[in-house]
Each structure stands twice: as C-alpha cells, then as structure tokens.
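**Q** So you can see what is in the structure, the chains are spelled out below.
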Amino acid sequence: MQSFRTEIENPVVEKDILELERKIRLFKEGQIDEERFRSLRLARGVYGQRQLGVQMIRIKLPYGKVTSEQLHRIADVSDEYSRGRLHITTRQDIQIHYVSLDRTPELWAQLEKDDITLREACGNAVRNVTASETAGIDPNEPFDVTPYAHATFQFFLRNPICQEMGRKFKMSFSATDDDTALSFMHDLGFIAKTKKVGNTQIRGFKVLLAGGLGSQPRHADVMYEFLETDLLIPTIEGVLRVFDRHGERSKRAKARLKFLVKDIGLDSFLTLVENEKRALAYQTYPIDTTGFEQEISFETTEIPSVTIEDENAYEEWKSTNVIPQKQEGLFAVGIKVHLGDFYTDKARKLANLIKKYAANELRFTLRQNILIRHVREAFLPFFYTELKKLGFADVGYNSLVDITACPGTDTCNLGISSSTGIAAELERVLKAEYPKYLNNKKVTIKISGCMNACGQHNMAHIGFQGMSIRTKDKLVAPALQILLGGGVLGNGQGRFSDKVIKIPSKRGPEALRLLLNDIEANKNTDEDFLSYYDRQGKIYFYDLLKSLSDINNLQADDFIDWGHDENYVKAIGVGECAGVVIDLIATLLFESEEKLENAQEAIKEKQWSDSIYHSYAAIVNTAKALLTAEGAKTNTHAGIIKNFDELLVATHKIELSTSFSELVYQINTNEPTESFAKSYAEQALAFYKSVDAYRKQEVTV
Amino acid sequence: MAIIITDECINCGACEPECPNTAIYEGAEDWKYSQGTSLAGAVELPNGNAVNADEEQEPVSDEFYFIVPDKCTECKGFHEEPQCAAVCPVDCCVPDENHEETEDELLAKQAFLHN
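Protein chains in written order, with the working numbering: chain A, 6 to 706; chain B, 297 to 411.
These are calculated hints, taken from the structure and not from any lab test. Glycine included, C-beta positions come from ideal geometry on N, C-alpha and C. Be a bit skeptical, because a hint or two may be false.
Claimed, not checked - Among the chain A residues that face chain B by a calculated CB cut under 10 angstroms, a handful are: (1) Ser255; (2) Gln470; (3) Ile659.
Stated by the list, open to error - Keeping only pairs whose Cα atoms sit at most 20 angstroms apart, straight-line, the calculated PhoX-like set for lysine-lysine is: (4) Lys447/A x Lys528/A; (5) Lys447/A x Lys323/A; (6) Lys638/A x Lys328/B; (7) Lys256/A x Lys328/B; (8) Lys441/A x Lys323/A; (9) Lys528/A x Lys611/A.
Stated by the list, open to error - Computed footprint of chain A on chain B; a stretch qualifies when at least three of its residues, placed anywhere within it, have a C-beta under 8 angstroms from a C-beta of chain A: (10) 333-347; (11) 395-409.
Start from the sequences and build out the full structure, keeping to the hints where you can.
**A** This is the structure we're talking about:
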C-alpha cells in the first residue's frame, strides 16, 4: 500500500485517497457505521454489485473524453484490479466490475497518474457532466460546448455546496438543437445557442431544468431561453444551493430535483434561486476556452498502404459509421460497441491507433459507443482495415440495430430480468430478418433491466423494461414491459413513451416482429415512427400485441431468461446509489464537528465561500441532531430550520439572540467576504456548543 | 375487490402515478381522502364511517407502497384493468381478499370520490 502514497502529486487528491483508505480500515474494524461508510465510498465511485464482496468501480470521464494515455491507463487498471472488461455507460463513464474493496485506493491512485478521477462518480453528488459526442466537430454547432462542460465539471468537483445533497444531480451539454445529450431529461440540460447583440455574436445556452427519467419521468422546464456563458457557473451554483436546502432527504424515491420543482412550481423555484444570488462565490464566471482551441496536430503524415478487399463492405461502413466533421477534410469514425462492453487487449490497440494516426482523442458516447475524432480522409481505408481486425468495424453505428441496454441482472443489484440477453437476441433478429434497418438512424430501441431506466427505455421509440410475471400456479417467469412512442424532438423537447403491455421475456423478439411488420404494412411513406404511433394510438398497439401477453400457455422455456440456461429466479436488491438516512444523534453531532473543522480549514485557505457553506452545513446538521432526538421531521434543510424555531427556540429550550432562521439565513444576506466567513464560523461553533450542552443535560436527566 | 400491494413490493413507485384515484402512497406517508378526489371537509364514506377528508391519515404500511382500500376502485370508471397491476414490474398488486366489492359497488365508490 505504501507505494501509491508517495506518487500522487496533487495534495488534494492525495488527501482524498488516503481518507478512503483510512475509512476502509475503520469500517473493517467496525469503527464506522456501515451506512455512513457506504455514502463515503459511493462519492468515490465505489459501488456495490449483485455479486457479494466485490465492487463495481465507476470511472468518471467528463463528456466521455479520453486520450490514448488515459485509455491505456484504464486498461491497465482493469487488468490489474478487475477482469479486463470495460463497460461504457449511457452517461459516458467507464465501469469495471469485481474489484476488491481493499484495493480501491490503490486503483484510484493509479488512475490519477493520468488525471482520471473517481470522485463523485456515484452518490448524492454532481455526477459526470455529459455532452454530445460530436461537440467540437459538429458542422451544425454554434460553438464547441466542451470547454463549458469541462469548467462545470471542475468547478463543482469537491465543492462544499454539493457534497451531501438529498440525491444525485445530473447535467448535460448538447452541441446543437438535435439535443443529442438529452437536455430534457436532466436536472440541468444546456443546449448551445448564440445571440446577436449589436454587432457581436454572444454565446449562451438554452437551459432546461428538473427533467428526469426513472420510474416517474418528468419533462424538464425551460429555465432560460438564453443564458450567456458567463452566467453558467453562477446559475448552476444557485440551483444546487436551492436543491441542497429544499430538496427532500428522507423519502429517497421523492428526492430528485424533479419532485421539488413539481411540488413548488417553476416560478417559486426560480425565486429561491434568485434569493441565493448574494451568497454565490462568483456573480459572473467567464470561462476560458483557449485550452480547447489548439490546432489539431498529428504524429505522422505517412499513410500505411492497405488494400480494401471488399469495396462494397467498405462503402457501407463509410456510409453508416463515418461522420464528416466541421473541420474540412477531417472525419469522425464511430465504433458500434455491442452493449458498451469491450476488452483491454483491443482497448490498447485502439489507443495506439488514435495516438499515431488520429489526433489522440476519442469519446465514449451516450449510446455506449466510441467515436474517434480527427481522422484524415486519406487515412479512412487504413482505419477501416485496422478497426476490422479489432472487430470494431460493424456497420450500423447509432442505428436501430445499435440497441442500448443497461447491465441489468448480469451485475446490477436492482435488475429484475435480463436486459443484455434480450438486447443481443433482438440484434440477432434484426440482422437476420430486417437487414434494411442497419442504416436506419431514425428509430431507436432501448432496454432497461428495471424501472430505474439506466438504459433510457422510457424515452426510446421502442423500449423494453425488465419485469417478472406470476402464473396462476405461483410460478415466476421473466417478463418485459413494452413501451412505445418516446423520442427526442430536439431543441429541449422530448417525449416519454407509453407503457403498452407486459409479456413474457421469451416473446420479446416476436413482439418486435409484430411491430416492425405492422409499421411496414401500414405506415404512410411521409410518416415517421412517432407520427404513425400517434395516428394509431396506444390501444391499437396494445391490441396488436395482446396475444403475446397470455400467460396460460407458458412453456418450460418461458421460465428461462435470455442468456441463461436455468430457470429464472427473482432476486432484487435495494438501490444504494444514494445516501441512507442517518439518524444516530451522536453521529450527527460528530459530523457537525467535522464540518466546523472544514470551515476553519477553508478560512486558512482564504476560501470564504467554501468556509461559509461548511458553517451553514454544520449549523443545519447540528439542528438536525437535536430535532432527531425530539422525534421531529427532518426531511429538508428548510424544514429543519423551520421546525427548530418552532420546537426548540420558541419553547426556550435553546436560547438564541435571534431566531434560528435569522441565524442560518445570514448566508443569503451577506456576500462571501472574509469578515462574514469568520463571524459565521464563530456563530456556528457557538451554536454547536449550546446544542451540545443542552443535549448532555437532557441525556443525564 | 380493492387491490392490495403485497410484501413483495420493491418500492419502485411505478404504480403511484398511474392511480386515477390517488389511492397509492409511498410507505410511511400520511395520506388524505381529499388528495386527487373531490372530497372535502366532513364526509360520510359509502361504508358509513364519518371522516374529515382534509385530515391526515395514518399510513397503511410503513415499509412498502400501499393502497388505501377506501379510495381504490380497481380503476373502474377509468380503465379496463387496474393500472397499478398492469405496470407493477413484479406482479405484487393483487386483488385484496379482505375487501371484496361488486362492480356496482366499485362504480358507486368511483362516483362518490369524484362527484
């Protein structure tokens, strides 16, 4: 273990990794509470998996970008600590499985050598910031969103305002109105826009707020039609502060931002954001884009000579997988990665290829694929033959045949029935029976193993969701819910699909055949999938598929899920991607002490805004401890503040010179100055002391 | 019969937004007769009990999503089949043998909730 300690150059990162190591030790010695430990490890990308005793590690890759060196590093780490498989997620991360908990600090230290983090990849934090994979190369984009996505990632990483929120928070950046980063289903989604002011063109974003998928999808509201880029970071900060204060914390299923905005309404929410303005670390925050505007350079101009044996196959590949870039003469090459899984031997060869012959950059995409950028036209035949050797030249990048699926019951604790198994089978059916869909990019199929929708099934044209079905004689078979009519409409608009019917999993391929045959027979030539769906309506498709839902005629094979050879067994665990409610009063008070220390620490570093937020968190957490002892509700910070005044201040159990809410909400009436940071920290300490004294007295009585 | 959620519930919440009567709540959640219905103030339920529709009631279950039998019409008057059962991923919304009602009773209940 000693080895990695000395090698990390960044002291902040070093502190993080050593803390993880220390907490793992304390946890194993039984000195820290299991729930507490879980929320700490989650915020460091260490997740549980279906198999006991091993961890899934989520590697946070902002907008899915990696260099050759980073890809080599990830491959090395996977071979050393995992099993050599890399899984691309729908949020542009890489996940590796079967990692031993003890080795996670070491693994993290290895990744950091190439500037890759695990921090806040899971847990109730700002998750990976995603972006259109074509950002920076898209001929239709107003400007490259990459520098803005990057600044967002950097600004909020380790930021005290978003370390212990009620739930996770997801942001995306779309390059164009096609909205390929799916802004309408994010907590905050941004679409690049420009506006003419006088003679100058200014950059900004259309901002979408409080969308989300999951078992209760919600379409985002338009927060701003145009927000100039200098206000991007302050706006996000305001939203996060409001979410931290008003977001639900006790009822996990209602804790996402979408429920808060649904409850209080967009206008009230915007007013709350406005009220946070004075407390913000920056009123405007210009983002430097020059680091992303370097000239594209190449290692070599020498084109290795290749002979294309099958000219037709090459042309087909070019038409489905190669995208012209906005940079004249350059092309992006798409690799269709089956279910987002690939292996380290190929990853290394790919890494070498992009370093030598492209411009040393690729992006993992939202559809679990790979997009190599900056390939010169003359190099395309060479890339084709090299990728073909790796099995990376399958046609149909981003087409109907390119099915998205979450890992489902393969490794996920929450999976109900197989998602990857049915995805593979549907791809097989499509290739064998419907080859003309190989280059159809207008219809998408997405599959999730459960209602949480990591496979985004409820916004696809055709979606499948894992379920189970119970027969009259109490046998349980794997099942699929079929959803239809979702999709991306562009410019921040999207549709969630209708839940049409539930059928046994083994009839999934037949359902797809019925659907595609019906569309071919009845769709008018000028209709797209959604117009056809709307014309016929949900009931029409329910009737079309109804015969498949009959469970009185199940065969033995229907009880075996796709990709398995034994009978299906329902085994569904509890999600752990979020914090659990910590109700131990002593633990809460101990945490308050930590927060008070953090506030002092930040003062030493002259980080006034950070210090103020630590003091705020300490005050609220201390109040929560006492309310918990009184058996009162502590669902939100705002609720805690209100209840504390009613139950402890008004009753003179705790004596304050002002009301409790006046004490806390100084955070909104003061700018983040040195003098306020210091005075607020003192008041936080004084408050803690009075509560601690009261508590000790109560316990001894 | 009203529908009941069994202890096989995985707390996914898929059923909750489907209910046309707002009869489904998350475990441990207080609920009201008035939520999602046209009931208000003092009312007499079809079973003769007198309640205040705006008053918070105790949760039926602390662990799982639950259906308030007095508010469940098995979707009669709205849909052909109970929607919670149709979307439940694990088939745990089943007929409640302790609350058997005829179709007429269910329709009357539906009319009472949404008059």
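**Q** If a hint holds in the structure, say so; if it does not, say that too.
**A** For each hint, the structure was consulted:
{"no.": "1", "hint": "Ser255", "verdict": "holds, 9 angstroms"}
{"no.": "2", "hint": "Gln470", "verdict": "holds, 7 angstroms"}
{"no.": "3", "hint": "Ile659", "verdict": "violated, 27 angstroms"}
{"no.": "4", "hint": "Lys447/A x Lys528/A", "verdict": "holds, 14 angstroms"}
{"no.": "5", "hint": "Lys447/A x Lys323/A", "verdict": "holds, 18 angstroms"}
{"no.": "6", "hint": "Lys638/A x Lys328/B", "verdict": "holds, 19 angstroms"}
{"no.": "7", "hint": "Lys256/A x Lys328/B", "verdict": "holds, 18 angstroms"}
{"no.": "8", "hint": "Lys441/A x Lys323/A", "verdict": "holds, 16 angstroms"}
{"no.": "9", "hint": "Lys528/A x Lys611/A", "verdict": "violated, 65 angstroms"}
{"no.": "10", "hint": "333-347", "verdict": "violated (count 0)"}
{"no.": "11", "hint": "395-409", "verdict": "violated (count 0)"}
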